[in-house]
Structure formats: C-alpha cells, structure tokens
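Novice: Sequence:
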Amino acid sequence: MTGFPRPAVLEGIALTLLGWLLGAAAIAVETDAFPTLADAYLVQVGERVLWAGQPDKRLPPASLTKVMTALLVLEDYQPTNIATVSKLAAQSKGSRIRLKSGDKLSVEALLTATLIASANDACAALAEFNAGSIDAFVAKMNARSRALGLANTHFSNPCGLDAPGHYSSANDLARIARAALAHPEFAKLVAKSEAEISTADGRRRFRLKNKNALIGSYAPAIGIKSGYTNGAGKCLIALARKDGVQVLLVMLNAKSRWWDAIGIIENAFDEAAAHAQ
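For the sequence shown, the residue numbers in this note's numbering are 1 to 277.
Errors might be hidden in some of the hints.
Claimed, not checked - Computed cross-link-like contacts, DSSO-like style, restricted to lysine-lysine with a CA-CA straight-line distance of at most 30 Å:
1) Lys104 to Lys87
2) Lys211 to Lys242
3) Lys93 to Lys242
4) Lys87 to Lys140
5) Lys211 to Lys100
6) Lys209 to Lys93
7) Lys242 to Lys87
8) Lys192 to Lys209
9) Lys242 to Lys140
10) Lys211 to Lys188
11) Lys209 to Lys255
Everything labelled a hint here was simulated from the structure, so no lab data went into it.
The task is simple: from the sequences and hints, build the whole structure.
Specialist: This is the structure:
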C-alpha cells in the first residue's frame, strides 16, 4: 500500500511487534500499549477491549459525530423521502459537496454524502429534514446518547464542527459505532470507497470519494468514519476483518492515522491469532 505518510510513532509500534516476535509476553487486556498514538484510543477484538489509552477522556470528535447523526436517521429511515436543502445547510462550513439552497435530494443520497464524503451541507440538510431544525436534531442526539448510557458525550451540532460543549470519548464512540453498524444500510455505506448521487431531478450529479483512506487501500478495512478539525485533530473509527476476526479501532487527535491504524489493527489480528492457538 502506498500514499500514506509514515508517522514517527510507527517505529514504536514496530519495536513492540519485534518484542512479541522475540517471545515477549502478550499485552494484557486494556493495557495502554501505545501511549504516543493519540490523545485517546481504544482497540477492541470482537467485544473484548484489547488496548486502550484514556478511553473515557472527553475530546472533540470532529466528523466522527456523523456516526450518531446517521444512527438517528437510520432509526427512522425513509430512504426515498425527498429533502429540500435550506440556505443554512447550503452555507455549511468545512467539508461539503456544494449543495445549493433549493436542491432536492433523497434521504438516502444525503446519508451517502454524509458518511462517504463527510459533507457538512448534506449532514445539515439531513438533520433539518429529520427533526425540523438543527437545534431539535441536536436535542435528539443528546437524548440518544443518554439512552445509550454514554457518560462522556455531549453534542452541540450534527456534523462535528468544533464548538463549546461538543465532545465524546473513545469508549463512547465505539458504542455509537456498534449501534450504527447494527444497521445493514450503514455497514454497506461505510464500506464503499466511492459512490455517486444526484439531485432528485437528476440534473446535478456528485461523485463521492470516501474520506476514510483505509477503504479501498487496506484490504481488511470494512468501515467506518474519519474526521478532522483544527480543534479535534486527526480522528478515526476503523473496522477491519480478517480470518474471521473483527477489530474496531478508535483514535482521537492521533499523531497520524493511516499507517498507525494499519499497524495497530495488524497487531490486534496477530494477538487474536496467538490466543486462538
């Protein structure tokens, strides 16, 4: 695989792997094996937490927020319903696909753009259509967080822009991710490396490329979402499967993402294989 910058912490990961190959003892459950990886991280193999560092620390989650947005939409999913993009949604800041005020798109198209292209304009339009307003949708997000028992999560917007009172934790994000992945439509979308959507009248078409660079580049990767803001730094929830083993990785304010994610996931696969023997 090519195209990813090599991070400084990769050498530390390589040394850890070397220790294992030389017969070092297996890392204990929930050991902070990689303290320089990110401000917070969590690695799960199946339902078991393998490694974690500051998993309950409250941090800005950037566009990982959109996983909760998608979860709420999927819990009342009407894919063929048509939403009209408001002026407010069209003026969204950050990542967007340049929707125009008055554009009409299906809920399915908006969800696709939200998850694959991380489009804030599509995300805002989706939130407004689902709840009537951004504020009402954010209230639903926080109610759903409470229902999931998330002690370290509070949302201020549906798209992940830096804002006071907008935070989550690696542990909470893993729980949100698992709830979303239980919906087949979500799992299918986040596994796509690219997609194409259009307005309802077909006059405007949008080619979307997944912002999660692992998808289509790292064979075991099957989801789910990346994010970045100045306040949050580089964030990632990654899901990978190999030889019947599934690994979920969450990183918040990672020093790097792509090579580190691959190294950690491969380490987790190796650890699972060692325990299976």
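Novice: Is Lys87 close enough to Lys140, meaning Cα to Cα at most 30 Å?
Specialist: Roughly 22 Å between the alpha carbons, so the hint for Lys87 and Lys140 holds.
Novice: Measure nothing beyond the straight line between the CA atoms of Lys192 and Lys209; if it is 30 Å or shorter, mark the hint as holding.
Specialist: holds, 9 Å
Novice: Measure nothing beyond the straight line between the CA atoms of Lys104 and Lys87; if it is 30 Å or shorter, mark the hint as holding.
Specialist: Judged against 30 Å, a Cα distance of about 12 Å means the pair holds.
Novice: Measure nothing beyond the straight line between the CA atoms of Lys211 and Lys100; if it is 30 Å or shorter, mark the hint as holding.
Specialist: holds, 22 Å
Novice: Within a Cα-Cα threshold of 30 Å, do Lys209 and Lys93 meet the stated pairing?
Specialist: Distance of about 19 Å is within 30 Å: holds.
Novice: Is Lys209 close enough to Lys255, meaning Cα to Cα at most 30 Å?
Specialist: With Cα atoms ~23 Å apart, Lys209 and Lys255 stay inside 30 Å; holds.
Novice: Hinted pair, alpha-carbon criterion (30 Å max): Lys93, Lys242. Please report holds or violated.
Specialist: It is violated: about 37 Å lies between the C-alpha atoms, which goes past 30 Å.
Novice: Take the C-alpha atoms of Lys242 and Lys87, compute the straight-line distance between them, and say whether it is at most 30 Å.
Specialist: At roughly 45 Å apart (the allowed maximum being 30 Å), Lys87 and Lys242 break the hint.
Novice: Please verify whether Lys242 and Lys140 have alpha carbons no more than 30 Å apart.
Specialist: Roughly 36 Å between the alpha carbons, so the hint for Lys242 and Lys140 is violated.
Novice: Verify the proposed pairing of Lys211 with Lys242, using a straight-line Cα cut of 30 Å.
Specialist: holds, 22 Å
Novice: Hint check: Lys211 vs Lys188, CA-CA at most 30 Å. Holds or violated?
Specialist: holds, 15 Å
Violation of the numbered hints given earlier is confined to hints 3, 7 and 9; the remaining hints are satisfied by the structure.
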